Amino acid sequence: MSNTAPRKPAVRKSPVVRKPVSAKVAAKPDKKQKKKADPKVKVVRDSFTMPQTDYDLIAALKQKALKAGLHVKKSELLRASLQAFAKLNAAQLKRAITSLEKIKTGRPKKD
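For the sequence shown, this note's numbering begins at 1 and goes up steadily by one.
A couple of the hints might just be wrong.
Claimed, not checked - Straight-line distance between alpha carbons at most 35 Å, and here's what the computed DSBU-like set of lysine-lysine pairs gives: (1) K94 with K104; (2) K42 with K74; (3) K64 with K87; (4) K74 with K64; (5) K87 with K110; (6) K102 with K42; (7) K104 with K73; (8) K102 with K87; (9) K109 with K73; (10) K87 with K62; (11) K40 with K74; (12) K109 with K42; (13) K94 with K64; (14) K42 with K104; (15) K87 with K42; (16) K73 with K94; (17) K74 with K104; (18) K40 with K94; (19) K74 with K110; (20) K110 with K94; (21) K62 with K73; (22) K67 with K87.
Treat the hints as calculated values from the structure; they're not laboratory data. None of these values were measured; they are calculated from a predicted model.
Given the sequences, and given the hints that come with them, work out the whole structure.
Quick look at the structure:
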């Protein structure tokens, strides 16, 4: 005599109903397209020596920009200056550079 219980009928699972895709998901751009449209700019960290008068000039320019409604960083002022210098012709650039005070490069000595 075998002790086998009668089999229970198999329970069928109802088919999985998928939710419709929302508009937000469909509106996302492909990752490949996003990478091409928004490349990251590589930044370089640098340090340099400048006279105190030039450093004070940066502070004065920051105040001037603040009065005009712009909050700027030192790096933004220096980058804007580079963009302005790039638009000068050779004679104007030479005049601007030769008018600068020559200073020693490197770190200043500690007092």
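Results of checking the hints against the structure:
no.: 1; hint: K94 with K104; in the structure: holds, 20 Å
no.: 2; hint: K42 with K74; in the structure: holds, 18 Å
no.: 3; hint: K64 with K87; in the structure: holds, 22 Å
no.: 4; hint: K74 with K64; in the structure: holds, 13 Å
no.: 5; hint: K87 with K110; in the structure: violated, 38 Å
no.: 6; hint: K102 with K42; in the structure: holds, 30 Å
no.: 7; hint: K104 with K73; in the structure: holds, 25 Å
no.: 8; hint: K102 with K87; in the structure: holds, 23 Å
no.: 9; hint: K109 with K73; in the structure: holds, 27 Å
no.: 10; hint: K87 with K62; in the structure: holds, 22 Å
no.: 11; hint: K40 with K74; in the structure: holds, 21 Å
no.: 12; hint: K109 with K42; in the structure: holds, 32 Å
no.: 13; hint: K94 with K64; in the structure: holds, 27 Å
no.: 14; hint: K42 with K104; in the structure: holds, 29 Å
no.: 15; hint: K87 with K42; in the structure: holds, 23 Å
no.: 16; hint: K73 with K94; in the structure: holds, 27 Å
no.: 17; hint: K74 with K104; in the structure: holds, 22 Å
no.: 18; hint: K40 with K94; in the structure: holds, 33 Å
no.: 19; hint: K74 with K110; in the structure: holds, 24 Å
no.: 20; hint: K110 with K94; in the structure: holds, 33 Å
no.: 21; hint: K62 with K73; in the structure: holds, 7 Å
no.: 22; hint: K67 with K87; in the structure: holds, 26 Å
Of the numbered hints listed earlier, the single one contradicted by the structure is hint 5.
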